[in-house]
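**Q** Heads up: the protein sequence lines correspond to chains S and D, in order.
Residue numbers for the first sequence, in our numbering: 342 to 597.
Residue numbers for the second sequence, in our numbering: 210 to 302.
Hints are supplied without guarantee of correctness; some may be wrong.
[As the list claims (entries may be wrong)] The calculated label-pair distances, taken between Cβ atoms and stated as ranges, are: (1) D/Ser282 with S/Thr530: 36 to 46 Å; (2) S/Ala449 with D/Ser257: 49 to 59 Å; (3) D/Ala271 with S/Ser451: 48 to 58 Å; (4) D/Lys290 with S/Asn518: 56 to 66 Å; (5) S/Gln411 with D/Ala294: 39 to 49 Å; (6) S/Val350 with D/Gln236: 51 to 61 Å.
[As the list claims (entries may be wrong)] Straight-line distance between alpha carbons at most 20 Å, and here's what the computed SDA-like set of lysine to any residue pairs gives: (7) D/Lys211 with S/Arg589; (8) S/Lys562 with S/Ala582; (9) S/Lys418 with D/Lys268; (10) S/Lys463 with S/Trp515; (11) D/Lys290 with S/Asp409; (12) D/Lys290 with S/Asn492; (13) D/Lys279 with S/Glu482; (14) S/Lys367 with D/Gln241; (15) D/Lys268 with S/Ala481; (16) D/Lys273 with S/Ala481; (17) S/Lys367 with D/Asn235; (18) S/Lys574 with S/Ser594; (19) S/Lys343 with D/Leu218; (20) S/Lys473 with D/Leu291; (21) D/Lys279 with S/Asp547; (22) S/Lys558 with S/Asn492.
[Said to hold, decoys possible] Rough simulated footprint, nothing fancy, chain D against chain S, three-plus residues with beta-carbon under 8 Å: (23) 407 to 418; (24) 486 to 497.
No wet-lab data here; the hints were simulated from the structure.
By construction, the Cβ of each residue, glycine as well, lies at the ideal position given by its N, Cα and C atoms.
Listed here are the chains, written in short residue letters.
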Amino acid sequence: MKRLSVLLVLATVFAISSVASAQEEKMKYNEWQQQISMYTAQRDSLKNVLSSLNTDIANLKSQLAGLDQQYNSEMQKYLGMLHATEADMQSFDQTLTNLTNQMNNYMAMSDQDLCSHASDVKTAGAEIDSLKAMRLALAAEFYDRMQTLENDYSQVAARVAKCSQVATYTVGTWARNRDCLWNIAKKSTIYNDPWRWPKIYIANRDQIKNPDLIYPKEVLKIPANGPMNSEEKAAARAYYARKARMQRAAAGSSGS
Amino acid sequence: MKKLSGAILSLFVASVFLVGCTKYANQSEMQQLSNLKSEVASLEQQISTARQEKASLEKQIADKQDQIKKVQSNEQFLQQKLQAAGQDSSQSQ
C-alpha cells in the first residue's frame, strides 16, 4: 500500500511536469545550435557591413568639409572681384527686382497715364544709372536682367519724351478741308472724337476767340488725347448754353 | 492490488520516457538566442540608418561641387565683362 502510494505520487508529479513543460516554448537542442550558428554568422557579417559604412561616412564628411572650405574661398574671391559683400548682392537684387516691376507697370500704361508719371520715370532712370555704375551690374546673376531693364527704360523714356512735345495742326480751308474744331477733333489722327473739340479750343485760347471761327493757315496746338478736364468741360457747357440762348433769341424774333 | 501497482508503475515509466529522453534548450540558452536575434535586428536598423546618411552626404557633396562650379563660372563671366569694359578686376570702382 505504501509502495502503491509512492508510485502514485511519482506518476502524478511526472504527469504534471510533462504538461507544464509542454506549455513552455521548447526548442530541441540541435535546432537551437543551428539557429545560434546562423544568427552568429549573420551578426558578424552585419557588423562588418556597418563598420564599412561608418568608414565611408567619415570619409564623406571629411570630403564635404573640404568642399565647404573651397566654396567659401571661391565666394570670397568672387565677392572681392565685385567689390561687394553678400548683403550688397542681396540689396542689388532687390533693387533690380523693384525697378523691373516698376518698368513693367509703366510699359503697360497708356500714354496719357504714363505722362502723368513722367517725374517718377525720371527718378527710376536715375536709379538705373546708379545700378549700372556698380560692378555688380556686370555679375552673371544680374547682367541679363540689367540689359532687359535698360531696354525697357529706353522704350518708356522715349514715350515720356513725347509728352512734352506738342502736336500741331495747320488749319486748311472750309471749302477743301471742311476744317472746324469739331471736324479736326473727329479726325482719326487727332482724337477720333468730335466731342473733344474743347481741348483744342482751350489749348489755343490765344488764337481762338470764338470756337466757331478758325482761319486757314492757323497753326493749332493739339494737346495729348485723353478725357476732358474741368476747364475744357466748362468751356463746352458755356458754348452750348450760349448757342441755346442764340437759338431761342432767333426763334423769338422770327416769331414776332 | 498487484495489477494496480503494475499499471501505476507502467504509467510512471511512460512518463519518464515521454518527458526525459529528448534534449531541449534550457531557459538561459533560449535567452541567449533571443538576445542574438535582437542584436541582429538592431544591426540591420543601424545599417539602414547609415546607408541613408551616406546617401545624404553624397548628395550634399554633389550639390556643393555644383555650387563651386557655378561660382567659378561666374568669376570667368565677370572677368570677361570687366575686360570688355576696359577694367581690371584688381582696380577699384
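**Q** Would you mind marking each hint as holding or not holding in the structure?
**A** Tested hints:
no.: 1; hint: D/Ser282 with S/Thr530: 36 to 46 Å; result: violated, 53 Å
no.: 2; hint: S/Ala449 with D/Ser257: 49 to 59 Å; result: holds, 56 Å
no.: 3; hint: D/Ala271 with S/Ser451: 48 to 58 Å; result: holds, 51 Å
no.: 4; hint: D/Lys290 with S/Asn518: 56 to 66 Å; result: holds, 57 Å
no.: 5; hint: S/Gln411 with D/Ala294: 39 to 49 Å; result: violated, 29 Å
no.: 6; hint: S/Val350 with D/Gln236: 51 to 61 Å; result: violated, 26 Å
no.: 7; hint: D/Lys211 with S/Arg589; result: violated, 158 Å
no.: 8; hint: S/Lys562 with S/Ala582; result: violated, 25 Å
no.: 9; hint: S/Lys418 with D/Lys268; result: violated, 25 Å
no.: 10; hint: S/Lys463 with S/Trp515; result: violated, 43 Å
no.: 11; hint: D/Lys290 with S/Asp409; result: violated, 28 Å
no.: 12; hint: D/Lys290 with S/Asn492; result: holds, 19 Å
no.: 13; hint: D/Lys279 with S/Glu482; result: holds, 10 Å
no.: 14; hint: S/Lys367 with D/Gln241; result: holds, 14 Å
no.: 15; hint: D/Lys268 with S/Ala481; result: violated, 26 Å
no.: 16; hint: D/Lys273 with S/Ala481; result: holds, 19 Å
no.: 17; hint: S/Lys367 with D/Asn235; result: holds, 8 Å
no.: 18; hint: S/Lys574 with S/Ser594; result: violated, 30 Å
no.: 19; hint: S/Lys343 with D/Leu218; result: holds, 13 Å
no.: 20; hint: S/Lys473 with D/Leu291; result: holds, 13 Å
no.: 21; hint: D/Lys279 with S/Asp547; result: violated, 67 Å
no.: 22; hint: S/Lys558 with S/Asn492; result: violated, 41 Å
no.: 23; hint: 407 to 418; result: holds (count 7)
no.: 24; hint: 486 to 497; result: violated (count 0)
Hints 1, 5, 6, 7, 8, 9, 10, 11, 15, 18, 21, 22 and 24 from the earlier list are contradicted by this structure; the remaining hints agree with it.
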